[in-house]
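Engineer: Residues -3 to 112 (this note's numbering) are what the sequence shown spells out, left to right.
Hint data in this document are derived by calculation from the structure and do not stem from the laboratory. Beta carbons: idealized from backbone N, C-alpha and C, even for Gly. Careful, some of the hints might be misleading.
As the list claims (entries may be wrong) - Mimicking DSBU-like on lysine-lysine, the simulated pairs with C-alpha atoms at most 30 angstroms apart in a straight line are:
#	residue 1	residue 2
1	Lys46	Lys86
2	Lys86	Lys7
3	Lys46	Lys84
Stated by the list, open to error - Taking CB as the label site, the calculated pair distances span:
#	residue 1	residue 2	range
4	Tyr79	Asn12	26 to 32 angstroms
5	Glu92	Ile0	25 to 31 angstroms
6	Ile4	Gly60	31 to 37 angstroms
7	Asp2	Lys46	22 to 28 angstroms
8	Ile64	Glu28	16 to 22 angstroms
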Amino acid sequence: MEVIIDGIIYKPVIDNITVYWMYDGQVFGNIEDTSSIDCILEQADEFWTKDQYGCLCPIGLNQGETEIRRVGGMAHGHPNPEYWNEQKQKWRESVESDPDVMAVINSTPSAKREEA
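Model the full structure from these sequences, guided by the hints.
Structural biologist: Printed below as a string of structure tokens:
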């Protein structure tokens, strides 16, 4: 979302992302480690083992505490692991193609990257 005033383009600064797991009963769980797409998907797998009919929600791009927009679709869970993996792959492709998501992730310190 951008605004043009007197020919100058103003864009909000995206400084953090939020990701949630929505349980089958529409209760939300927070994906806490958003330092990489792999970390997000690992946590989604943990939620999926508890609730195979839940779903991984789109990534929320935020400026401070204000959500600016969402990226990606829902990755719907299913008891069939192949279906779940296909959903995760589609979700990954959609969020990795967004430059704002990747800019925030690449600027976030990661414990796994620091260990390497």
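Engineer: Are the Cα positions of Lys86 and Lys7 separated by 30 angstroms at most?
Structural biologist: Given pair Lys86, Lys7 holds - Cα atoms ~28 angstroms apart, limit 30 angstroms.
Engineer: Please verify whether Lys46 and Lys86 have alpha carbons no more than 30 angstroms apart.
Structural biologist: holds, 21 angstroms
Engineer: What's the verdict on Lys46 and Lys84, does the C-alpha distance respect the 30 angstroms limit or exceed it?
Structural biologist: holds, 16 angstroms
Engineer: Given the hint of 31 to 37 angstroms, is the C-beta distance from Ile4 to Gly60 inside that range or not?
Structural biologist: This hint is violated: roughly 22 angstroms between Cβ atoms.
Engineer: Within 25 to 31 angstroms or not, the Cβ separation of Glu92 and Ile0?
Structural biologist: holds, 29 angstroms
Engineer: Is the gap between the beta carbons of Ile64 and Glu28 within 16 to 22 angstroms?
Structural biologist: holds, 21 angstroms
Engineer: I want to verify a distance hint. Is the separation of the beta carbons of Tyr79 and Asn12 within 26 to 32 angstroms?
Structural biologist: Given about 31 angstroms between the Cβ atoms, the range holds.
Engineer: Do the beta carbons of Asp2 and Lys46 sit within 22 to 28 angstroms of each other?
Structural biologist: Once the Cβ atoms are compared, 53 angstroms apart, the range 22 to 28 angstroms for Lys46 and Asp2 is violated.
When the structure is compared with the earlier hints, violations turn up for hints 6 and 7 and for no others.
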